[in-house]
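Here the protein sequences line up with chains F and X, keeping their order.
Mapping to my numbering: the first sequence position 105 is 117, numbers consecutive.
Mapping to my numbering: the second sequence position 44 is 46, numbers consecutive.
These are computed hints drawn from the structure, not numbers from a lab.
Incorrect hints may appear among the rest.
Which stretches of chain F does chain X cover? Using the computed rule of at least three CB atoms under 8 Å from a CB of chain X, they are [as the list claims (entries may be wrong)]:
(1) 43–56
(2) 105–115
(3) 131–145
Listed next, with one range per pair, are the computed distances between beta-carbon atoms [unchecked claim]:
(4) D145(F) with V37(X): 30 to 38 Å
(5) D52(F) with G543(X): 55 to 63 Å
(6) L304(X) with D145(F): 28 to 36 Å
(7) D52(F) with D104(X): 44 to 52 Å
(8) R146(X) with S69(F): 34 to 42 Å
(9) R268(X) with S69(F): 37 to 45 Å
(10) D380(X) with S69(F): 20 to 28 Å
(11) D52(F) with N39(X): 47 to 55 Å
Note that this is a predicted model, so its numbers are computed, not measured.
For glycine and all other residues, C-beta sits at the position ideal for the given N, C-alpha and C.
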Amino acid sequence: MILAVLFANSVGNILVERFNGVPAEERLHWRSFLVKLGADNLKGVKNEELLVACHKSVYIVYTVLGDVSIFVVGKDEYDELALSEVIFVITSAVKDVCGKPPTERLFLDKYGRICLCLDEIVWTGLLENTEKDRIKRLIRLKPPTEF
Amino acid sequence: MAQPFMKKDDDLDDEAEYSPFLGIEKWAALQEARVFNDPQLDPRRCCQVITKLLYLLNQGETFTKTESTEVFFAVTKLFQSIDLGLRRMVYLMIKELSPCADEVIIVTSSLMKDMNSKTDMYRANSIRVLCRITDGTLLTQIERYLKQAIVDKNPVVASAALVSGIHLLQTNPEIVKRWSNEVQEAMQSRVALVQFHALALLHQIRLNDRLAVSKLVTSLTKGTVRSPLAQCLLIRYISQVICDSAGNTPPGERPFYDYLDSCLRRGGEMVNFEAARAITELNGVTNQELTPAITVLQYFLLSSNPVKKFAAIRTLNKVAMTHPMAVTSCNIEMESLISDQNRSIATLAITTLLKTGNESSIDRLMKQITNFMSEIADEFKIVVVEAIRSLCMKFPLKYRSLMNFLSNILREEGGFEYKKAIADSIVILIRDMPDAKESGLLHLCEFIEDCEFTYLSTQILHFLGIEGPTTADPSKYIRYIYNRVHLENATVRASAVSTLAKFGAMVDSLKPRIFVLLRRCLFDADDEVRDRATLYMNTLGADGAVVETGGDASEFLFKSLDVPLVNLETSLKNYEPSDKHFDISSVPKEVKVKPLAEKKAPSKKPTGLGAPRRGPTSTGTVDAYERLLSSIPEFSSFGKLFKSSSPVELTEAETEYAVTVVKHIFDHHVVFQYNCTNTIPEQFLENVTVIVDASEAEEFSEVASKPLRSLPYDSPGQTFVAFEKPEGVPAAGKFSNILRFIVKEVDPSTGETDDDGVDDEYQLEELEVVAADYMQKVGVSNFLNAWENMNPDSERIDEYGLGQRESLADAVNAVINLLGMQPCEGTGVVPSNSRSHACLLSGVFIGNVKVLVRLSFGIDGQKEVAMKLAVRSDDESISNAIHEIVASG
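I would like the entire structure built from these sequences, with the hints used as guidance.
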């Protein structure tokens with residue numbers, strides 16, 4: 013299960029948070045935990061360079077893309093390797109929508125499309141789509157090219 | 003209203019950079035949603051409004067039931083538009099709003115229409131939405147379409163139906179299980195993702211049938227699974243099958259090993275890794291079977307991708323626990339990882355090396371680790387310390403260098419947990435390795451010379467008292483112990499006195515010298531230290547002569563009391579001085595735990611980080627108060643004690659009379675317990691009472707008072723005053739207090755008291771009874787469950803402006819203190835620089851009414867704080883009362 017996908021800006025404010033199967037009262041903990049993790053480790057990290065951490069049986073893979081930090085949290089079959097696939101799809105889709113690693117402003121300008129991409133990538137905790145070109149078409153309700 | 007979006011204030015200078023959502027307000031966005039009702043829809047505008055609503059929801063904002071229903075109904079109107087972009091947004095919005103069962107009906111027909119549409123993408127998306135919002139009844143109606151969708155030629159439609167199936171299996175397993183044939187057909191799809199989703203669903207459907215799962219994986223190993231993701235799944239299912247059939251496999255046979263081995267070389271890195279991990283986890287795996295898997299993991303260690311390195315080293319770390327020799331081939335790669343930027347990887351590498359290293363490599367490794375230790379955080383250091391402890395057990399001959407390492411890092415900077423881990427390791431080594439005892443004890447002695455943690459100092463002193471006297475030269479430790487009596491706080495001093503006594507009891511030759519030191523402790527500033535010194539001097543006896551200590555004394559010093567300390571404290575508090583001595587055998591040995599009444603929530607699957615739980619309150623103290631009050635005839639009819647406050651000081655420190663007050667709250671009454679101490683040796687007080695002026699507490703009327711007959715010097719006593727108050731109302735008020743007594747002079751040299759006394763008074767500070775006094779801090783383990791189990795009709799919501807505050811944390815603490823409730827799930831702590839915060843509180847209001855509170859705070863650039871308060875309770879009037887408390891606070 014992919015427990016959470018979270019986007020934050022450079023000072024740790026949340027831009028997007030999507031939780032799956034995490035009770036509402038635990039979300040606050042996750043939010044502050046992830047933001048702190050980012051603040052402690054993401055300084056000076058290059059775009060899309062992956063960082064990884066694990067806490068008990070929960071894995072976290074996170075990175076920076078432009079002004080935005082991206083965190084993906086998973087457990088069970090979504091271990092660090094599976095999550096690195098998920099975050100790769102997410103970063104590719106965001107870059108595709110924004111045309112480049114986004115500034116915060118650009119990210120917010122494309123907010124609706126990014127939400128749609130996320131909806132195509134993660135379906136309540138499960139990875140659904142993995143190819144950026146396909147996702148690009150799906151968010152415009154266009155069938156995939158291979159079909 | 004909470005304002006979580008004011009964060010952009012910092013960026014106001016830079017106009018180009020500020021957010022398109024700057025200043026966005028929920029109410030405004032909801033009002034904008036009225037455009038959905040326009041007869042001439044503007045798709046672009048509608049998309050913008052939906053984006054705003056999504057932004058609010060993604061920021062953790064919640065819509066009330068009414069707001070959500072209104073938006074949902076408005077969104078359904080958008081099905082009229084044929085704009086593709088807008089339709090896609092509508093699908094997403096409906097999923098986000100998760101309408102309730104009675105609302106779903108509004109949108110069902112539109113979605114069913116889309117489900118049968120000729121446009122494939124309408125079909126795929128409407129399936130996903132319907133499956134998200136549907137219940138069992140509707141599912142039977144659409145089952146036929148879903149089955150068709152699973153085998154649809156369009157992979158997006160098939161995937162949508164398959165993933166929906168995985169989710170629906172949790173709620174409607176009997177329906178989804180009927181789709182087995184279609185799912186099996188989808189397994190043959192040429193599209194990798196469809197195959198991946200189909201395999202996941204097929205496995206879920208057959209999960210409870212081991213034979214079917216075994217057949218499934220066996221057939222798939224022979225066929226062609228194209229998708230790497232599906233191959234990874236298959237390998238995991240194979241691992242499960244191997245594990246389940248562990249007892250039924252003939253010896254020497256290793257089913258599926260050949261398949262796993264082949265996966266080490268095909269299907270891409272992800273598949274290779276999964277196969278390697280599966281092989282390392284095989285039950286009773288041999289070194290020969292492990293070798294190819296270790297080679298793959300070794301290759302991953304050289305990757306530039308930190309995730310791959312992390313995954314590989316994590317797996318190797320596990321293997322090293324059972325097969326350290328198999329991992330030695332990776333030692334060179336792992337040594338280079340000690341300097342890896344990612345500290346998790348470096349720590350895993352170090353701890354693996356500590357397991358795989360041989361005796362000859364330890365010294366070299368320790369040198370590398372010493373440099374590494376200064377660069378990592380305490381949490382990683384603790385892992386290393388634990389690994390070194392195990393290494394020491396494995397190579398006892400190397401204890402010197404390992405002990406030296408531990409003592410060196412003990413001297414360096416570090417937090418409590420880290421220091422504790424090191425001290426614990428040294429203690430374990432001393433216990434298990436007699437040779438290490440002398441040097442270990444000296445390291446600990448040196449550590450307490452400069453230890454900032456009282457807990458660690460007392461623990462080490464205790465340990466020294468047990469191990470020190472049996473060493474070859476116990477006298478060398480005395481200096482370190484006695485230094486504590488000079489240099490430390492009272493707690494450590496008292497511990498040091500106990501340790502000295504143990505040396506005196508065990509080493510007869512040291513007894514006279516210990517007596518001299520204990521005698522000096524009789525003049526200590528702290529009464530506990532003095533008491534202990536007196537006690538031990540009497541216990542050891544013989545005035546410090548070189549004689550053997552009696553068996554009773556040794557038993558008292560070295561054996562535990564055998565009763566829970568809480569019970570002993572309560573019994574001692576209840577003991578009234580008389581001719582009959584206190585009897586320790588009368589102390590109950592069972593620990594009484596007050597269970598927390600909470601409705602049992604339906605079982606939930608475990609999720610990520612468990613929320614921290616607060617322990618029960620100190621029931622011992624409450625019990626002691628209750629017993630004390632019920633033993634006083636004037637108060638015995640007041641019923642059950644609801645709450646006792648912690649003592650509030652009514653005098654300043656070091657005044658003639660020290661007075662604190664404890665507020666005891668009953669249903670109809672409040673009792674003030676004034677704890678008085680006379681600090682003047684030349685005075686003896688009699689007939690001590692407190693005169694309370696309740697003119698600023700109109701709802702209270704005094705009903706009883708219990709004076710204190712005598713108050714000798716430095717011997718605390720209590721006087722009580724009781725008030726009647728209205729039931730069920732959090733009556734508040736201010737009380738001014740005057741201590742009144744008869745003072746008699748005492749001759750300090752003889753201790754004789756004059757017969758004549760003089761009436762005197764002493765002004766005390768004012769005392770307040772506040773709303774928080776009527777609330778017990780009782781936490782709940784799962785706030786959301788508790789909240790959902792409470793009647794929603796009792797909910798009262800309102801918004802408040804808290805004015806300018808120093809920080810958000812300041813505002814949050816003020817409200818928590820005002821209500822006197824227990825913060826749950828760690829929400830009492832506000833992360834620094836937060837612009838918004840949500841806080842969950844729980845408590846029991848007088849009358850045993852359970853109360854839950856959800857607070858949302860927001861702070862703007864001018865430090866103005868706004869708060870939204872939602873209360874649910876067992877009694878609606880209490881929900882209102884909580885709002886009144888906040889409004890008047």
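Evaluation of the provided hints:
Requiring three or more residues with a Cβ within less than 8 Å of a Cβ of chain X, the coverage given for the segment 43–56 of chain F holds, as 5 such residues are present. Under a criterion of three residues with beta carbons nearer than 8 Å to beta carbons of chain X, the stated coverage of the segment 105–115 of chain F fails, only 1 such residues being counted. Only when three residues or more bring their CB closer than 8 Å to a CB of chain X does the claim for the segment 131–145 of chain F stand; here the count is 8, and the claim holds. Range check, D145(F) to V37(X): about 33 Å between beta-carbon atoms, so the 30 to 38 Å window is met.
For D52(F) and G543(X), the hinted distance range of 55 to 63 Å is satisfied, since their beta carbons lie about 58 Å from each other. Between L304(X) and D145(F) the CB atoms are about 31 Å apart, so this pair conforms to the stated range of 28 to 36 Å. For the pair D52(F) and D104(X), the supplied restraint of 44 to 52 Å holds, since their beta-carbon distance comes to about 47 Å. At roughly 40 Å, the beta-carbon separation of R146(X) and S69(F) lies within the given 34 to 42 Å, and the hint holds.
Checking the proposed 37 to 45 Å range against R268(X) and S69(F) shows it is violated: the Cβ atoms sit about 29 Å from each other. Hint check: D380(X) to S69(F), Cβ distance near 23 Å, so the stated range 20 to 28 Å holds. Taking the beta carbon of each, D52(F) and N39(X) are about 48 Å apart, inside 47 to 55 Å as hinted.
In the structure shown, a violation is registered for the earlier hints numbered 2 and 9, in ascending order.
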